[in-house]
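As a plain string of letters, each chain reads:
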Amino acid sequence: MKQLSGIVLVVLLTVGFASSALADEAAYKKLHAEAVAANDRAGEVGGEWRDARDKKAKFIKCGDKKMSILHAAECYAAKGDYKSAMKYAKMAKSQGELGYQQVMEQKDAGPRH
Amino acid sequence: MKKMILMVLAAGLSLGTSPAFATTQAEDIAALKAYFAKKWPDVKGEDMANGAYALSEDKRINWESMRDFPPFEDQLAIGEEIWNTPFKNGNTWASCFGDDPSRVRNRFPHWNVRDKKVETLEGNIIQCQKANDEKPFKTKKGKIAYFSAWLANQANGQTINVVVPQDDPDAVAAYEAGRQFFYAKRGQLNLSCADCHVYQAGLFARGNLLSPVRGHTTHFPVWRGKWARSGGDGFGTLHRRYGGCNKQVRAKPFKAHGKEYSNLEYFHASMSNGMTINAPDYRE
Amino acid sequence: MKLQDKLSAVALVVMAAISSTNVPMASADEGLIAKGKEISFDRKKGNCLTCHQIAGGTLTGNIGPPLIAMKARFPDKAKLRADIWDMTKRSPHTMMPPFGKYGVLTESEIDAITEFVHSL
Numbered sequence: 000m001k002q003l004s005g006i007v008l009v010v011l012l013t014v015g016f017a018s019s020a021l022a023d024e025a026a027y028k029k030l031h032a033e034a035v036a037a038n039d040r041a042g043e044v045g046g047e048w049r050d051a052r053d054k055k056a057k058f059i060k061c062g063d064k065k066m067s068i069l070h071a072a073e074c075y076a077a078k079g080d081y082k083s084a085m086k087y088a089k090m091a092k093s094q095g096e097l098g099y100q101q102v103m104e105q106k107d108a109g110p111r112h
Numbered sequence: 000m001k002k003m004i005l006m007v008l009a010a011g012l013s014l015g016t017s018p019a020f021a022t023t024q025a026e027d028i029a030a031l032k033a034y035f036a037k038k039w040p041d042v043k044g045e046d047m048a049n050g051a052y053a054l055s056e057d058k059r060i061n062w063e064s065m066r067d068f069p070p071f072e073d074q075l076a077i078g079e080e081i082w083n084t085p086f087k088n089g090n091t092w093a094s095c096f097g098d099d100p101s102r103v104r105n106r107f108p109h110w111n112v113r114d115k116k117v118e119t120l121e122g123n124i125i126q127c128q129k130a131n132d133e134k135p136f137k138t139k140k141g142k143i144a145y146f147s148a149w150l151a152n153q154a155n156g157q158t159i160n161v162v163v164p165q166d167d168p169d170a171v172a173a174y175e176a177g178r179q180f181f182y183a184k185r186g187q188l189n190l191s192c193a194d195c196h197v198y199q200a201g202l203f204a205r206g207n208l209l210s211p212v213r214g215h216t217t218h219f220p221v222w223r224g225k226w227a228r229s230g231g232d233g234f235g236t237l238h239r240r241y242g243g244c245n246k247q248v249r250a251k252p253f254k255a256h257g258k259e260y261s262n263l264e265y266f267h268a269s270m271s272n273g274m275t276i277n278a279p280d281y282r283e
Numbered sequence: 000m001k002l003q004d005k006l007s008a009v010a011l012v013v014m015a016a017i018s019s020t021n022v023p024m025a026s027a028d029e030g031l032i033a034k035g036k037e038i039s040f041d042r043k044k045g046n047c048l049t050c051h052q053i054a055g056g057t058l059t060g061n062i063g064p065p066l067i068a069m070k071a072r073f074p075d076k077a078k079l080r081a082d083i084w085d086m087t088k089r090s091p092h093t094m095m096p097p098f099g100k101y102g103v104l105t106e107s108e109i110d111a112i113t114e115f116v117h118s119l
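Chains as they are written, first to last, in numbering that gives the first Met the number 0: chain A, 0 to 112; chain B, 0 to 283; chain C, 0 to 119.
Just chain A, with the same shape it has in the complex (with noise of 0.2 Å):
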């Protein structure tokens, strides 16, 4: 009885942490897509910001490299930690979204000396 309970135990977990984490994955997949479109708005209005997206970045470090936020993203969540993947897509989409804001309020900039 003790062993079935403990099996059953274990059982349990693994289900709960996989289904956190296909929870988590999805949650991710939502932000990059998030991250990607707000990026591609900043740009089409030329305000994209230079750690966002850029392959050439050199800003945040995963493994032994350092890449830009979204790549960083990437590089977490290949290896399964959605927890950061998720903080840096979240980055990622809100450089992407304070860019676009920032060409918008600097439509009429010019001289005012």
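Worth flagging that the hints you see were computed from the coordinates, not collected in a lab.
Any given hint could turn out to be false.
Unchecked claim - Simulated restraints, written as ranges between beta carbons of each label pair:
| # | chain 1 | residue 1 | chain 2 | residue 2 | range |
| --- | --- | --- | --- | --- | --- |
| 1 | A | VAL14 | B | LYS254 | 49 to 55 Å |
| 2 | A | GLU33 | C | ARG42 | 29 to 35 Å |
| 3 | C | LYS70 | A | VAL14 | 53 to 59 Å |
| 4 | A | HIS112 | B | SER64 | 33 to 39 Å |
| 5 | C | GLU37 | B | ARG113 | 54 to 60 Å |
| 6 | C | LYS70 | B | ARG228 | 38 to 44 Å |
| 7 | B | SER229 | A | LYS28 | 36 to 42 Å |
| 8 | B | ASP73 | C | GLN52 | 39 to 45 Å |
| 9 | A | HIS112 | B | ARG66 | 27 to 33 Å |
| 10 | B | ASP132 | C | LYS100 | 40 to 46 Å |
All values derive from a computational prediction rather than experimental measurement.
Just so it is clear, CB atoms sit at the ideal spot from N, CA and C, and this is done for glycine as well.
Using the hints, position chains B and C against chain A.
Using the frame of chain A, we list chains B and C on its own:
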């Protein structure tokens, strides 16, 4: 009474439809000249092109010794060799730029009426190579910088006069786009070109004295100490510096000789109208 | 060992442990201030010396005002933090990056910098 109403209506309409800055190139230049003259009444017009070296005695001493023994003599020689070397198809650079190499630099940037775009010197160097089936230079450093530097050197002493045909709305739009780019804050650090090179020019960012925009393009391509330290070769074109500055404020840089930087150059070079070419030069 | 000796031994060990872990009493702030200074001077983070003169900094810029007499200038620390978070709110044309609004620094980094700067 009727006339008054019409006038008021007209004024209202024009306020609604005109751009935020309806100043012309001439007005912008005059305003900038006045601004800098007020800031530094002791700096004579031409000297301003020397940027930090006009404003700091300490830095000037270092710069003058660099100019006595410029670190870029070898690269200038390469530039001359490039001019004298025909393409594989037998054509020469003269087929694109004319026979006189001293009459090349000062023709750029200019407005291309037919293609509705700004033409830059380095952009045209690459265009010339492509038109002659030559492998084009890399866009920002190396041979293109040596060649552009030599061409600029050949034109030393000539007065800059970038023309923006006021009756061509597309040319005016390109100029205004360049101006907007110069004055707009960008990047995660939220800085505009004007922040450093107009409003805070003359002040220190760490140990670097910020140079004024007026005179900037007189001395490009530039041999930058910082570039030399990291790669041995300090030469770089104007668009190389645009990219570097954009990256420094954490904005994604634009392509050399693409629309953004070409329009920017159109405005940027205009701001040195009336000053003389003095290139290449050393900068820290 | 007698019980009393055992107790004294334990007491000695515990006391040694406490003093060696160096738990500061009123110095939680000092730790934060030290962290704030590190972040301020870090070129890749606050990079404050680019524009501001700060005691202990070399080759400082002068684009912004020197950071001295901060308690007198900012009796309300929250106002100082708000400036670091987004200076454009108070001064739309400022050159100071919106460290918080644009995510240049994290909220806890800004907390640390605020403590440090306010102490100047």
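Each hint, compared with the structure:
no.: 1; hint: A/VAL14 to B/LYS254: 49 to 55 Å; in the structure: holds, 51 Å
no.: 2; hint: A/GLU33 to C/ARG42: 29 to 35 Å; in the structure: holds, 31 Å
no.: 3; hint: C/LYS70 to A/VAL14: 53 to 59 Å; in the structure: holds, 57 Å
no.: 4; hint: A/HIS112 to B/SER64: 33 to 39 Å; in the structure: holds, 34 Å
no.: 5; hint: C/GLU37 to B/ARG113: 54 to 60 Å; in the structure: holds, 58 Å
no.: 6; hint: C/LYS70 to B/ARG228: 38 to 44 Å; in the structure: holds, 41 Å
no.: 7; hint: B/SER229 to A/LYS28: 36 to 42 Å; in the structure: holds, 39 Å
no.: 8; hint: B/ASP73 to C/GLN52: 39 to 45 Å; in the structure: holds, 41 Å
no.: 9; hint: A/HIS112 to B/ARG66: 27 to 33 Å; in the structure: holds, 31 Å
no.: 10; hint: B/ASP132 to C/LYS100: 40 to 46 Å; in the structure: violated, 52 Å
Against the hints set out earlier in the document, a violation occurs for number 10 only.
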